[in-house]
Amino acid sequence: MSSEDISDNRKKLTKRIIIWTLVLGALGGIIAAIVVTATKKSAIALGPNTTLTSKTENVIEFTDNNTTYTVDLNDPNSYVAAYYGAVKEQIYLQLHVKNYSLPIEIMVSKQSFGTSLQYTIADKLIVVDNDNAVLNPDPNINTTLQSLADLLLKAFHNATTASAGFNWLGLLSALMPLIVILILFFLYSFLIKRQMGGMGQDSIFGMGKSNTKPVKTNVKFSDVAGIDEVKTELSELVDYVKNPSKYSAMGARAPKGVILYGPPGTGKTLIAKAVAGEANCAFYAIAGSSFDDMLVGVGAKRVRDLFQKARKTAPSIIFIDEIDSVASKRGKNDIIGGGSGVADQTINQLLAEMDGFTTDSGVIVIAATNRIDVLDEAILRPGRFDRQIQVTLPDIKGREEILKIHSKNKNISSSVNLTEVARRTPGFSGAQLENVLNEATLLAVRENKKVVSMKDIDEGIDRVIGGPARHGRIISEHERKQIAYHEAGHALVGLFTDNTEVVQKITIIPRGDAAGYTLQTPQEKEKVIQTKSDILNQVRMTLGGRASEEIIFGQDNISSGAANDLYKVTNMVRAMVMQLGMTSVGLTQFVPSEGTVNPYQQKLYSESTAIEIDKMIESIIQKEYKLAKDIIVKNKVELELIVETLLLLETIVKEQIDYIHENLQLPPEAIEAKNKLNEK
1 MSSEDISDNR KKLTKRIIIW TLVLGALGGI IAAIVVTATK KSAIALGPNT TLTSKTENVI
61 EFTDNNTTYT VDLNDPNSYV AAYYGAVKEQ IYLQLHVKNY SLPIEIMVSK QSFGTSLQYT
121 IADKLIVVDN DNAVLNPDPN INTTLQSLAD LLLKAFHNAT TASAGFNWLG LLSALMPLIV
181 ILILFFLYSF LIKRQMGGMG QDSIFGMGKS NTKPVKTNVK FSDVAGIDEV KTELSELVDY
241 VKNPSKYSAM GARAPKGVIL YGPPGTGKTL IAKAVAGEAN CAFYAIAGSS FDDMLVGVGA
301 KRVRDLFQKA RKTAPSIIFI DEIDSVASKR GKNDIIGGGS GVADQTINQL LAEMDGFTTD
361 SGVIVIAATN RIDVLDEAIL RPGRFDRQIQ VTLPDIKGRE EILKIHSKNK NISSSVNLTE
421 VARRTPGFSG AQLENVLNEA TLLAVRENKK VVSMKDIDEG IDRVIGGPAR HGRIISEHER
481 KQIAYHEAGH ALVGLFTDNT EVVQKITIIP RGDAAGYTLQ TPQEKEKVIQ TKSDILNQVR
541 MTLGGRASEE IIFGQDNISS GAANDLYKVT NMVRAMVMQL GMTSVGLTQF VPSEGTVNPY
601 QQKLYSESTA IEIDKMIESI IQKEYKLAKD IIVKNKVELE LIVETLLLLE TIVKEQIDYI
661 HENLQLPPEA IEAKNKLNEK
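UniProt numbering applies: residue 1 is where the sequence shown begins, and numbers increase by one.
Hints may contain errors.
Claimed, not checked - The calculated label-pair distances, taken between Cβ atoms and stated as ranges, are:
1. H478 x P522: 33 to 43 Å
2. L604 x S584: 11 to 21 Å
3. L604 x K312: 47 to 57 Å
4. L604 x L566: 43 to 53 Å
5. L187 x T67: 53 to 63 Å
6. F553 x K455: 31 to 41 Å
7. K410 x D556: 50 to 60 Å
8. E236 x P264: 22 to 32 Å
9. I179 x N280: 49 to 59 Å
Unchecked claim - Calculated lysine-lysine pairs in the DSBU-like style (CA-CA distance at most 35 Å, straight line):
10. K455 x K242
11. K603 x K329
12. K527 x K449
13. K397 x K220
14. K455 x K676
15. K309 x K242
16. K329 x K309
17. K603 x K634
18. K532 x K568
19. K623 x K568
20. K410 x K231
21. K636 x K626
22. K301 x K455
For the record, the hints were derived by calculation from the structure and aren't laboratory data.
Ideal Cβ placement from N, Cα and C applies to all residues, glycine included.
With these hints in hand, go ahead and build the complete structure from the sequences.
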């Protein structure tokens, strides 16, 4: 998981904790309010040996040590009521019963009476309002002892009796804030632990532990295709893991680490699993970004913990994917320097662990990266990752082998030619080829077919290249024609230019951001290197679309459809001039090699050289553009036939293009479509 994903997850976790804090805080407040409200009810506190036996309308009877006492609330001579005190909203009265030594405490809520009873003076109760202002001398408000009897009776009738012992409600009310805090703490700990566990990270109580667990993989070398040279190199590692003593007896030191580098989707992870599967050993897989943490020292500790686990389960293989995220070059862009960053500590620990390997440790580290040029030099030296193996995109033979493996569990029609599919997918990685067959299978299932046809696979290729077809996109007839002329221009220039790629398909069906596209493949074998003429021919063919638009619609009506073509052309010609030394500008390379760090981004050439480079690039592009226009003008009849076929069928393939080129007439499929259109 990337550092951006981890940061997003932490933000989500913080948001959840805040929400839960508010919810529990509100819940605690409600509970506390309930407790407080409960304590506002009237209550009678009797002595420890006193029992309230009965209470009628005017008479209260209680027993203390087997002696019964009776209080007649209508008889002022049988009791004396006195103010005892007030706490917040509660008023405490004492009822002194005749012939009974202990006072009975009565608690009354102020809110029950509208005004607040405060204290007694002589035979009267003084009443105050909520602002503590005495309402006397108004004689109508004075409450005599006789009317106090009604108050006491009300208190007794609403009372809950209890021993004069412990007040549990008061304790619960006092402890409520602490209880809420404890609930929040344990909830926070639980969420942190679960969230970190879901991200493959440590909990706050186990920071620095590696969560990577050993697995037994069932992948074998037979499940990997298209990279035979890589399998040959790694088969030596399998033999070493199985028979380490054979190598030590000869004095040979097996590689401590192997780096697999190459484009994404070429099978680096799959081949690492195959090594573990062939060797039948424990396999630890971890992403380089998993070592990172915002806390200093945690990454290094995770490295130590991972290697300790691997040693305990030896023989074992540690696979570190995207190692460039943790082992990139240090100090190149660091003006301050010092090498004390969090990433530096992780790299240093990784190097130290690999240096600590013995020849019989039984642990091998395999790492994968798309950018070996950005790795720290210390990682690549002998004794660490001392073997670097390039995993390239498969050639046509490799693509066919990959397609055979991925077609084993699919109902592919016998009419499907996987060799032809491989020819139509130059530059595809193993992952993309698997996706092609999967998309084709999904399309077949959608149409309730029993087998996957070549048509389904063609659509799968188109989907991988440009995305799903956008049949619902509204395009005017004029736009359709302009798109058709653009794509036909590419094909026509390619047909009349030597050593260019073969046009396999032209379509004017929109996909993604593209209004249409032309699929080209190498003529025979895929070239490892390109000559100057190869590049120039490719430039000319790429400019064929814009050339066709200008000739048919005029300079003022050219479209934005050539934007990507011009981008590719500019890059190709710029590489010829500035990197490949193929022009009169000279053999000097004016741009850094890929991966070279240029911390201050300074120019590597003078202003006069820059002007010369720009002129050369523009000169080459204009020359090839003129040649493309000449081809269009000389073969305009063939261009019109290709365009008409495209407008009728929307998609045409190599066989139909060749038919037009050889016969200068519409192919049978286009004629049939034209007749049906005329019948309507």
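Find the hints from earlier in the document that the structure breaks and name them by number, from lowest to highest. 4, 10, 12, 17 and 22
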